[in-house]
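The listed protein sequences correspond, in order, to chains D and L.
With this note's numbering applied, the first sequence has no gaps in its numbers, which climb one by one up to 113 at the end.
With this note's numbering applied, the second sequence has no gaps in its numbers, which climb one by one up to 114 at the end.
Since the hints were made in silico from the structure, they are not lab data.
The structure presented is a predicted model; accordingly, all values stated were derived computationally and were not measured.
Incorrect hints may have been included.
[Stated by the list, open to error] Between beta-carbon pairs, the in silico distance windows are:
1. Ala70/L - Ile12/D: 22 to 32 Å
2. Asn77/D - His7/L: 33 to 43 Å
3. Asp17/L - Leu83/D: 35 to 45 Å
We put the beta carbon where it would ideally sit given N, CA and C, even for glycine.
Below, each chain spelled out in residue letters.
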Amino acid sequence: KAGVTQTPRYLIKTRGQQVTLSCSPISGHRSVSWYQQTPGQGLQFLFEYFSETQRNKGNFPGRFSGRQFSNSRSEMNVSTLELGDSALYLCASSLRSDGETQYFGPGTRLLVL
Amino acid sequence: GENVEQHPSTLSVQEGDSAVIKCTYSDSASNYFPWYKQELGKRPQLIIDIRSNVGEKKDQRIAVTLNKTAKHFSLHITETQPEDSAVYFCAARNYGGSQGNLIFGKGTKLSVKP
C-alpha cells in the first residue's frame, strides 16, 4: 500500500496570509491526525478527524482548522499566519480512531516570513 | 490531561553499547505506548509499541518495558549501530478514550559513534 502523502512538501508564506495543507491517508484508513513539530515544543497534537468528524482538538487557537472529506483525505488551514507558525506539519493516519497505530506522512515544512 | 516526560534529551553511545531512553506519563488511563524514530529530515517511523496488558515486548535489538504502577516505560536498544542515530520519541494514549490523542515526549537525540 502507498504510504501517507502530504502536499505541498515546502511552503513559504508571509505574515497575515493563510495556508491550506493536504494529507492523503493510507488506503482504507479513516482516521487522520495532525501535529505541529517545532524544535522547542516537539510534536504537538492539533486535531483528529474520523469519518469526516473532528474527534479531538489540541490547544491551538481558532486560526487552525481542518476538515476531512468522504474519501478520508484531510486538509488543515491556518489563517492570519504568524512567524511562530513556522514548523513542520505532520499528518498521521490510522485504521480506526480509537488508538490504532498511527503512520506519519513526510510533512509539510512551512516557513512564515 | 496527559503529560509525557522523556529523558535524557541527548544520548551518546559507542557502537555496540546499549542505549536506554525513559519516559514517564501522568494519566493512569493511558494504555498504549508507541515509540517513534525520526531520522534527520524524515518522517517519524513507528519502531515498537506496547499496550498496558503487557510488561515487556522485544523486536530483535529493540525492547520496551512498561511499569504501570510507576507510570513509566523505557526503550532499550542493544548492540547499537551508527544507523540507530536519530531522534526517538515516546508517546502515550488512552486507547478508546474520548480524548485519546497521542501525547509525545520531547524526544531524545541518540548519537552512536563508530
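Each hint tested on the structure:
1. Checking the proposed 22 to 32 Å range against alanine 70/L and isoleucine 12/D shows it is violated: the Cβ atoms sit about 46 Å from each other.
2. The hint said 33 to 43 Å for the Cβ distance between asparagine 77/D and histidine 7/L, and at roughly 36 Å that hint holds.
3. For aspartate 17/L and leucine 83/D, the hinted distance range of 35 to 45 Å is satisfied, since their beta carbons lie about 41 Å from each other.
Checked against the numbered hints above, the structure violates only hint 1.
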